[in-house]
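One-letter residues, chain by chain:
Protein chains: 8
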Amino acid sequence: MKKVAVIVGSKSDKEQIEKGLHILDKFGVQYEFKVISAHRDPEGLHEFVSGLSPDTHAAVIAGAGMAAALPGVVASQTLLPVIGVPMKGGALNGVDALYSIVQMPKGVPVGCVAIGASGAVNAALLALRIMALTDEEVREKLWQYRQSLKEGK
Amino acid sequence: MKKVAVIVGSKSDKEQIEKGLHILDKFGVQYEFKVISAHRDPEGLHEFVSGLSPDTHAAVIAGAGMAAALPGVVASQTLLPVIGVPMKGGALNGVDALYSIVQMPKGVPVGCVAIGASGAVNAALLALRIMALTDEEVREKLWQYRQSLKEGK
Amino acid sequence: MKKVAVIVGSKSDKEQIEKGLHILDKFGVQYEFKVISAHRDPEGLHEFVSGLSPDTHAAVIAGAGMAAALPGVVASQTLLPVIGVPMKGGALNGVDALYSIVQMPKGVPVGCVAIGASGAVNAALLALRIMALTDEEVREKLWQYRQSLKEGK
Amino acid sequence: MKKVAVIVGSKSDKEQIEKGLHILDKFGVQYEFKVISAHRDPEGLHEFVSGLSPDTHAAVIAGAGMAAALPGVVASQTLLPVIGVPMKGGALNGVDALYSIVQMPKGVPVGCVAIGASGAVNAALLALRIMALTDEEVREKLWQYRQSLKEGK
Amino acid sequence: MKKVAVIVGSKSDKEQIEKGLHILDKFGVQYEFKVISAHRDPEGLHEFVSGLSPDTHAAVIAGAGMAAALPGVVASQTLLPVIGVPMKGGALNGVDALYSIVQMPKGVPVGCVAIGASGAVNAALLALRIMALTDEEVREKLWQYRQSLKEGK
Amino acid sequence: MKKVAVIVGSKSDKEQIEKGLHILDKFGVQYEFKVISAHRDPEGLHEFVSGLSPDTHAAVIAGAGMAAALPGVVASQTLLPVIGVPMKGGALNGVDALYSIVQMPKGVPVGCVAIGASGAVNAALLALRIMALTDEEVREKLWQYRQSLKEGK
Amino acid sequence: MKKVAVIVGSKSDKEQIEKGLHILDKFGVQYEFKVISAHRDPEGLHEFVSGLSPDTHAAVIAGAGMAAALPGVVASQTLLPVIGVPMKGGALNGVDALYSIVQMPKGVPVGCVAIGASGAVNAALLALRIMALTDEEVREKLWQYRQSLKEGK
Amino acid sequence: MKKVAVIVGSKSDKEQIEKGLHILDKFGVQYEFKVISAHRDPEGLHEFVSGLSPDTHAAVIAGAGMAAALPGVVASQTLLPVIGVPMKGGALNGVDALYSIVQMPKGVPVGCVAIGASGAVNAALLALRIMALTDEEVREKLWQYRQSLKEGK
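Residue numbers (my numbering), protein chains in the order written: chain A, 1085 to 1237; chain B, 1085 to 1237; chain C, 1085 to 1237; chain D, 1085 to 1237; chain E, 1085 to 1237; chain F, 1085 to 1237; chain G, 1085 to 1237; chain H, 1085 to 1237.
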């Protein structure tokens, strides 16, 4: 089973992204979690991303706040599907991160989800939908998850 | 090879989404293209979406403007990865569509791309990245496409 | 006397919508209150909405947050007047919900009120104005309510 | 059959609101159309609105641009359901009108529709849904209209 | 010496407007302070405003929140200079009030100041500048106030 | 009779402000019109503003675009009432100018009107309302102007 | 070694700007820190700024909130590079300050950084980059600082 | 005399940035102009930026639109002062680029100027102010330029 790579730009993003990691845990999907800033450690980011391959990983989830370059920079260095999560916070409360992630120029795609923890959950679920294309077990679990949504909350 | 489903909410969205269809054509990927409004023809939409399966399709691209419910409604009726494209236009020029697509509540994921034609192109490329996970040929073509970006434009 | 149907997309919307339910109680108008998410339980929503009829109900009040598809989806499944209430909250504090509800494409109308609890109160009052068209008692009570506004607050 | 009152704040609003008047014409519903500014002719507005009654009218559609006080002022002077249409235009392209109409303080309800001509169409349709509560013919025509939406556009 | 009329739309606006009343007190200028909602008590507002005259009053300060019609409605009923103060609060934190006050259509002027308590202070100072045109004492005090600004804060 | 000083920050602002100058002409009120940028010619601005006095002038109308410092700088250098007009244009279409003018910190008041030509008209009318406090003729003309608004447009 | 001039418009801006002063301290760079409002004390500001020279100072950091004229006014009175810091706070949380600082009309440049304390830090670092052009020691320390970013936070 | 490096992310940005290049030409300052996208050609960008040094260059001007990562990525790879220019265009008309450039996280500074051609001019002038710190000739020319602004426009 392929893994998911999860990168956030700052330690302070951990709390929001964790809601997504819980989903991956719940589905029994393995992930590598890294804190690497695109702006403060471009070499470290490049090193990590160039180690990712479509043969071992199914998607990259990248979360960042403010002028959130991380998801776009990752997408420019890999051919894996990249899912961007704008982090809530700062004076603009994540609208800056949203625009920085979703308004990618043509040629380098990022699939952006909602600002904050809800987005982190959906980023995980989108990665799982991608895995489910070729993994019957994940597909089955997604089906059960969707049923639980109808009752639960 | 799996297909991509492409749905827009209105005939007037065709021009913007076509930039994405060109990409799929260029990569030799088959797609089904439909104009179905989530608000004006919910039954028609449900009928089309329930015919899609992870065994035959790799992703759904859904483009809509204004209070753009289409991508979210599609995502609620399938387990395929859904990529939303906010259409440019109207008094708010697509910011309404952006918020209606990207701010999905947790549980039902949509990967949102940029407003308008740039977004349509990237939606196609994101679908291709998903296909490339299991399709060497698409992966190879993505690699070439990326090289062309460095020179080309 | 006809009833009012009140639907919210999430349990967490209850507190805001309750200000509107109090108004309906005060006016002695019966309502059915449901928590059903358009995205997480589309079938449940469809089942409930298809049971509503202009012969038994005067209006539907639908409250939802973020990419708030609920009011529009309800309006696409009934011919009753639908009043949308954007819920306050999330990173955008309800602006996303406002745009998702008020910017409906032509053909499927929703009457949108203010974000949050003030909107919930006005949604109830708008439903009561609709009922007052054919109900002298409600009209009389609306008149008294309006007088009380001039003094009270 | 009751009538609909339609008021706009300025001659320049006519073009946008006409899309809604066409709908009323198409449904064979009578309306009174007035151009009266809430700010420039408050007495004229008051005179017209005080002549409206739930016995003769089913709804008031009020369209205005910029600091659009018209719908709220009308709602403060009648107990009829008021539907507000924010006019597109000016430096803010109607966002000012949207906020001025939709963010009504609690106690005086206005049901707001989308900015511009799409909103005008939906305002008419919302008025028709209100009339359909007690008018079988309008209800039948709304049903046909909805069917036409599924094919037509 | 002429007086200043000060009106706010709701009791909850008192705290913000008080910062402006303190300034008037400090300058020894008399004012009439009223809480009257343009939407909830249009008759009461009209009665109060029609009692104001350029012979007895120098300006009207009108503060309101959300879809803040108050300043514009006052300006439509008097020829006195009207100063509008957008109240901070609600889901949009006063941006709605700002747009509703500042974007007045041509013909009926309102001078708008900043959102919230800072605006209330400046509304008072603007009224005092108007009074200072014909009142040497106020002019002298404004001069001293300005000097104090340079040191103090 | 006192005069009105009218300053804009750039030659390109002339077209918008002229709508206000026409009003002053129509009322037979004299004005001095200057093009002086607060940023490009601070000394020239200071020289002009320090020549203004409450004994000879009734108000200053200051129009500027983008980071529109002009009205605030003028208000910091005179005790006359200052009316700010945000100019429409640029990438943000005048929202930047609006915020730069209306959000003055406490202590230095500017009365802001709408963005663009409508604002210029209302700036002139607000200056005239100030003059009308002590000038019966202007007051009479304002009365007639208001009557004309009710019919005219 | 040249100094950096740091000016904020209000005492309340001190807390945010201090994060930048710490950076200057850490790098052993001297600075003059002043609280002078462009609106409340234009003469005091002019006096301070005219004492600055490219021979003694390398840059001016100017922080202000709301209608933040300070950085632009400073830039109009000196030929030194000016770095503007929009202060977080008020009803618009600093967006007003951002627009007032970054949208400078052509001819008078200000380099704007992020809203609030993050911006203050980066303003200091930008001043240090300017100093590093001719100061080997600062350049060496910037290099070390950048290395520390990659590890720590 | 040191040079200025000027980079834009796309050929379509040329027209806007040229207003800044004219300024550099006018001042007789040499520059290297490159079109390199941070997202489409990260390696090419890295190669160019790593060739820049404080010994040969005084500043980097980086212009980009939409999710404008270019200025931040450049700033992360050099210690030179980086000036960012948000390009006007796209559905959000440059607000996305503005937020992506100005809201840099702490540690990696970018000095942002206005959206579009005005910003390009000011970016050049800011680079010239930096050069003027150590270059008497540029300082003299800036002085003359400033004088011309007072008359000229």
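It is worth saying that the hints were derived from the structure and are not from the lab.
Positions of the beta carbon are idealized from the N, C-alpha and C atoms, including for glycine.
Careful: at least some of the hints might be erroneous.
Pair by pair, the computed Cβ-Cβ distance ranges are [claimed, not checked]:
1) H:Glu1099 with A:Lys1118: 21 to 29 angstroms
2) G:Ser1134 with F:His1106: 15 to 23 angstroms
3) F:Lys1098 with E:Glu1116: 39 to 47 angstroms
4) B:Ser1134 with H:Gly1128: 22 to 30 angstroms
Taking lysine-lysine pairs in the DSSO-like style, the calculated list, with each CA pair at most 30 angstroms apart, reads [said to hold, decoys possible]:
5) C:Lys1110 with D:Lys1086
6) B:Lys1234 with G:Lys1098
7) E:Lys1098 with E:Lys1086
8) C:Lys1234 with C:Lys1110
9) B:Lys1234 with B:Lys1110
10) H:Lys1095 with G:Lys1087
11) D:Lys1110 with C:Lys1086
12) B:Lys1225 with H:Lys1095
13) E:Lys1225 with F:Lys1098
14) B:Lys1087 with B:Lys1234
15) A:Lys1095 with A:Lys1234
16) D:Lys1086 with B:Lys1095
17) D:Lys1225 with D:Lys1086
18) C:Lys1103 with A:Lys1234
request  = Kindly indicate which numbered hints from before are broken by the structure, ordering the numbers from low to high.
outcome  = 1, 2, 4, 6, 10, 13, 15, 16
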